Each structure stands twice: as structure tokens, then as C-alpha cells.
Amino acid sequence: MVNMTGKQLRWGIVGCGLISGDMVEAIRLLPSEQHKIAAVASKSLERCKEFCSKHDLNETIAYGSYEELISDPNIDIVYIATRNHQHFEVAQMALKAKKNVLCEKPLGMNKAQVKEMIATAKENDVFFQEAFWSRFFPIYKDVKKTLDERTIGDVVLVQADLGLPFMDKIDRLHKPELGAGMALDVGCYLAQLSFFVFGKTTPIESITTVGWKSHDVDDTGSVTIKFAGNKMAQLLFTGCAYVGGRAQIFGTKGRIDVCVHLTIPRDFHCPEHCSVTVLPEEMFAEPTVKEHCHKRPQGDLKKFFFKFTTGLAYEVDGVRKHILEGRKESPEITLDESLRIAEVLDTIRKQLGVTEL
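For the sequence shown, the working numbering begins at 196 and goes up steadily by one.
It is worth saying that the hints were derived from the structure and are not from the lab.
Where hints are given, some of them may not hold.
[What the hints assert, rightly or not] Derived lysine-lysine pairs resembling DSS-like cross-links, with alpha carbons at most 30 Å apart:
(1) 395 x 485
(2) 523 x 202
(3) 244 x 370
(4) 202 x 244
(5) 516 x 202
(6) 249 x 370
(7) 408 x 545
[Stated by the list, open to error] Label pairs and their computed distance ranges (CB to CB):
(8) 502 x 447: 35 to 45 Å
(9) 478 x 354: 20 to 30 Å
(10) 354 x 225: 28 to 38 Å
(11) 394 x 241: 44 to 54 Å
(12) 262 x 372: 18 to 28 Å
(13) 490 x 372: 33 to 43 Å
(14) 488 x 521: 25 to 35 Å
Just so it is clear, the structure is predicted and the values come from calculations on it, not from any experiment.
A virtual CB, placed ideally from N, CA and C, is assigned to each residue, including glycine.
Using the sequences and the hints, build the whole thing.
Below, the structure is given as C-alpha cells:
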């Protein structure tokens, strides 16, 4: 296990893509005595140096290989944001080196990979988490509290969608060998939402998927997950249309709407708002509506590629807290949940006729 210097968490960033850049900027929104970007790695030293220059990482070490960063004794946690198909290899390398690991979603290409990664993390007694940043947003905590208090009664249905017409605009999304496809890219957010609402241990009775492929990868899928106890999730993901990101949770006494703004029903995966509508006992009387709002951390948006990713700071702060408290996984998104999410994604991809990776 890594011995941390004081209470400062020293980050090693693996990968120099857009989300890595936003993660760097999100880390810098937090106190420097708590977080330090100690090193960045790419397979190209030149690209790594360009990345560091772009983000003003003047005191950060640039490595031209992942192995060099992982072997650096001054790294407390490795953040992995490589292409999907590389997550397994890089995470295994870091975990075996007894590094704490925060790995971008999807954790692996399939359930078998995720299961092996979890076993490696446990064998080496280190912190390991799939980077579902959504779970750390204050709005998700408000939703969880509302569900736990049964404010909307027994929850029976979740409906959510997520997608943009970018399938033909991003080259990696066309290549199966890179872990392409919309199920792994955005469908994972929908799967995690269903477990967030219905519980990580609730049995699944059936999964039904209809949709289509393009470029030999899954493009669009409409998924119905039937959970035990007459509970259901209806989920839509796509790479060929703008469907925003609406999420609604329906109960016997009301509903919850999760969104970026009450007038903009989108982006449930990084929300600032939710509304809780509760039906009155008297039939046909007006329902009551309670609104929750938490603005994302404020930063210089010119430094972020995705303007909503200041919210990554919630996850960064949460990970530090868990590591300092000696946890080996995050209660917000447990390793068992990551395994179940991978299993659901395997089923969805199989039903859409995608070749198993």
C-alpha cells in the first residue's frame, strides 16, 4: 500500500486526451495542500510534454510510457483515461504495483475483465474505483435521501435516455478493437442509474434490447431491464440523435426528475437540479413540488473542453476522503456494482449482435 505524504493525494494521470485535461483542471479547483498532479504519462513523450504545457503543469513530471509513471514511488493514485480497450492492461499493471486506481468507465471490455481487475485490487489491498463521477454529485445524494425516506413511495419505474449524434464524428467510435460502441460509451451511465435507484443487490429477471449497429458496433439501443419485485428500467442510448439525458424515477406516491436545470431536461449524469413531485392523498388535488439545486464547482470554463466537467471535482474530493479513511472501494459506486454493470452491458451488446471483445 502506498504511504501518502501527509494528507496530500499525489495524482498520476495516464492518458492525455480531452477528459484527462478536464480532470487536471478539476483537480486544480481543489486546495493544493490536498491534491497534487505529480505526473502525467502518454505513450508519446512529446505529446505528454505538449499536454503539460497546455495545462500549465510546470512542476509535473512528463513520462513517455505508462510503466514509468506507475513505477514512480511518489504517486499515490493512478487515474486511467486511456482508450477503452486499454483500461484492463493499464489498471492491472497499476494494481499489481500496489497503486490506488481510479479508472474511467467502462472499467473493462466485459465482465470477465472487470472480475479479474477486482480480484487483483483485493489481492494487493489497494483502493479501486470505476469513475462514475455522477454518484458524487450533491443532487445524487439528494435523490438517494428521497428514495431512502420513501417520499415518492415504492419506486416501480425508471426512464432515462442519453445520446448525441456523434457516431459519425468521432473516429474511435467506429472501431470495435478500441472498445467502441454506444453501450460502453454512454449506455453504462444508464445502467448505473438503474442500480442506483433499485439497489445494487436487487435481482434482474430479464433484459430485453432492440436497436441497431453501424460500423460493426452498437449505435442505438432501447433497453428494458425487469428487476425482481415488479420494478423496471426503460433506457435509451444512441449515437445518431440528440436525446439529451432525461431521467425520471416513478413511485407509487410521486416522481423525481433529475436534470441539469429544471427548464432543461438533460444531463442526468452530471445534474445541478432535481425536482420531487408528491401526490396528495386527496384524488385530483394539486401535487406538491420540492426543488433541489446545487451549482457545480466554479472554474475558468475556458480551460475545460467539456463545460460541465468542473463537477469532476466532487469525485476527486470523494476519492481522497475514502483513501484517507482506509477504504478499498467507494461506497458511492462499489466494485460489486461495477461487476453487475459490466454484466448488463455484456447482455445488451450480445442482444444487439456485437462481437464479444
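Checked hints:
1. Of the pairs offered as hints, the one joining residue 395 and residue 485 holds, with about 27 Å between alpha carbons and a cut-off of 30 Å not exceeded.
2. Under the criterion of a C-alpha separation no larger than 30 Å, the hint pairing residue 523 with residue 202 is consistent with the structure, at around 17 Å.
3. A hinted pair counts as satisfied when its Cα atoms are at most 30 Å apart, and residue 244 with residue 370 qualifies at roughly 27 Å.
4. Between residue 202 and residue 244 the CA atoms are separated by roughly 28 Å; this keeps the pair inside 30 Å, and the hint holds.
5. Distance restraint check for residue 516 and residue 202: the Cα-Cα separation of roughly 10 Å lies within the 30 Å cut-off, and the hinted pair is therefore satisfied.
6. Distance check on the hinted pair: residue 249 and residue 370 sit about 28 Å apart at the alpha-carbon level, within 30 Å; holds.
7. Taking the CA atoms of residue 408 and residue 545, the gap is near 11 Å; set against the 30 Å cutoff, the hint holds.
8. At about 38 Å, the CB distance of residue 502 to residue 447 agrees with the hint of 35 to 45 Å.
9. The beta-carbon spacing between residue 478 and residue 354, approximately 24 Å, falls within the hinted interval of 20 to 30 Å.
10. Evaluation of the 28 to 38 Å hint for residue 354 and residue 225 yields a pass: the beta carbon distance comes to about 35 Å.
11. For the pair residue 394 and residue 241, the beta carbons lie near 48 Å from each other, so the given range of 44 to 54 Å is met.
12. Under the hint 18 to 28 Å, the C-beta atoms of residue 262 and residue 372, about 22 Å apart, fit the expected range.
13. The beta-carbon spacing between residue 490 and residue 372, approximately 40 Å, falls within the hinted interval of 33 to 43 Å.
14. Between residue 488 and residue 521 the CB atoms are about 33 Å apart, so this pair conforms to the stated range of 25 to 35 Å.
In terms of the numbered hints stated before, the structure departs from none.
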